[in-house]
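Q: Put together the whole structure using the sequences plus the hints.
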Amino acid sequence: MRDIWIVAENPAWAATLVSAAKSLDADCAITAFVKGDEAAAKDAVTYGAASAFALPLPAAGLWEDYAPTLAEKAKTDKPAFILVSASRRGRDLAARTAALLEAPCFSDAAQLALSGNAFSCGTSVFGGTAVRTSSTSAPVVIVTLGAKSYEPAAADASRSGAVATLPYSAGAAKVTERKPRVKQSVNLPEAAKVVGVGRGFSEEKDIAAARELAAAIGAEVGCSRPIAEFFKWMPEECYIGISGQILKPQLYVAVGISGQAQHTFGVRDAKVIVSINKDEECLMHQNADYYIVGTWQDAIPAIVKAAKG
Amino acid sequence: MKKIAVCYKWVLSDTDIRVDEKTRSLNMEKCKYQVNEYDRNGLECGVQIKKASGRELVGITLGKDTASSAKDALSRGLDSVFYLDDAALADIDKIGAAKALAGMIKKVGDVDVVICSEASSDDFAQQTGPRIAALLGWPSVSYATKVEVNGDSFTLERKLDDGIECVSVAAPLVITISPEVGEAPIPGVKDILGAKKKPANALAIGDTGLSADALKPASAIVSVLAPETSRKRQRMNPDGVSLDQAAAALVKELSQAGIL
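Protein chains in written order, with this note's numbering: chain A, 1 to 309; chain B, 310 to 569.
There are no misleading hints in this set.
Here are the simulated lysine-lysine pairs, DSBU-like style, with alpha carbons at most 30 Å apart: (1) B:Lys506 to B:Lys416; (2) A:Lys193 to B:Lys561; (3) A:Lys232 to B:Lys455; (4) B:Lys360 to A:Lys174; (5) B:Lys359 to A:Lys179; (6) B:Lys415 to B:Lys359; (7) B:Lys341 to A:Lys278; (8) A:Lys205 to B:Lys455; (9) B:Lys541 to A:Lys248; (10) A:Lys271 to B:Lys561; (11) B:Lys311 to B:Lys499; (12) A:Lys75 to B:Lys525.
Derived list of chain A stretches under chain B, where covered just means 3 residues or more per stretch with a C-beta under 8 Å from a C-beta of chain B: (13) 133–140; (14) 274–287; (15) 300–309.
A few chain B residues facing chain A, derived, Cβ under 7 Å: (16) Leu335; (17) Pro448; (18) Glu474; (19) Val476; (20) Val531; (21) Asp553; (22) Val560.
What the hints contain is simulated information worked out from the structure, not anything from laboratory work.
Beta carbons are placed, not taken as given, at the ideal position from N, Cα and C, and that holds for glycine.
A: Encoded structure:
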């Protein structure tokens, strides 16, 4: 029976990670580490963890500074796997813990498999152009997993297990303020169709053309990272990618998007991808089902006309 | 003088990758090496910290063909480059790369600020900065979008899933920047010519305090293949097909698939 640790940014992610752990070894004993209070940790027990630790967000310290404590505990407890939520804090903590344990860490992995003691998984490389399958028999393996990577385990309130709070040793970095993210009224993850706006749009007012296309096909509008982060033409909640929204729409239409790794990752599970870009060689075309080589100025009116029949 | 070390990766550009339709393998023959795009923001962040704090700015890189990276990196504002170009590093993994980079940083000496960028365009693993921090035993501030320095004091903002975290910390530290920390200027002719006069220093594996054995990967690459559920990649407007015809055909395909 293997010991598997899960480290989750929130209880919902813990449910996903419990499923991932059980898929590796149905009989594993899971120890959960959940950001938050002991009530959050207790949730992980209802999802199937044998025991759970609360990792409260320190008022004036970095949450990731739990890494040395976790690494020391792992040296004693020797879990075979540490599965970590691929949130930003999770990724940082996973990498630091991996370094302290000299352990391999696979980021945003999929197709986790175990054959004897040989673990293998796939990671997306070159902007989703390929999947690299790696294998290792390292004594402890760290993997970060997305929020939708596995069907979340169901809660069963009758399950019980020990719950405690993990001690925190403050690092040198001090948190002086936290500004919560302002939620916008955009719900991209629920949209069946999404139009994505990229740097092919050189002015903010041009996004109106993408909105026209979206209206014609009944889609929501999202964007690539620079549009939201650099130009601030759209709210942050609109940017699609590995560190933004990760979507599973029926249709994704990328307009003027080159198709860099971090963007493509956010739409790799779309049922159908359409790309419009004047650059025939762009990566987005290679990751699309249908593509049109042309400027958005020419292509959007043609599609709007065709869609309106 | 204290030094800022910016780690950068010399990566194959992904724009010229060709996928073999039958075997799903990648043909990288036409791909050229370049400074990882995210690291260009890291180099620019280093330039800004140098300006504000008077530190010396060095670039650090390792891996195959990195000797040829020096000129490009030096045109981006560095004072000098230290590279570790050894065929033994061809299949180095994240454990080894972070150990070797940490060793190189110690060898360079007097470094009290390390800058990495969020990820590389090839792997996008987002591990190197935090790993180096853990190995050096220095504070790690990742996903930094704002960096201000006053002598040894750093004030940073980091963007996390649930909002912004403002952090105050003294050097030494490892900063892992997000691209929005600032766009990297494209080097001008003067920068490119000036790069030729700046020192590019070769280091050997022995300089990192590690053996080639200690840098052997802990995992093996089984395959690198385009996904099986690969996209149709159907061009709707090949030569002779107008955009109107292409758009009509696209709408028809999507309607038949029940999507429109």
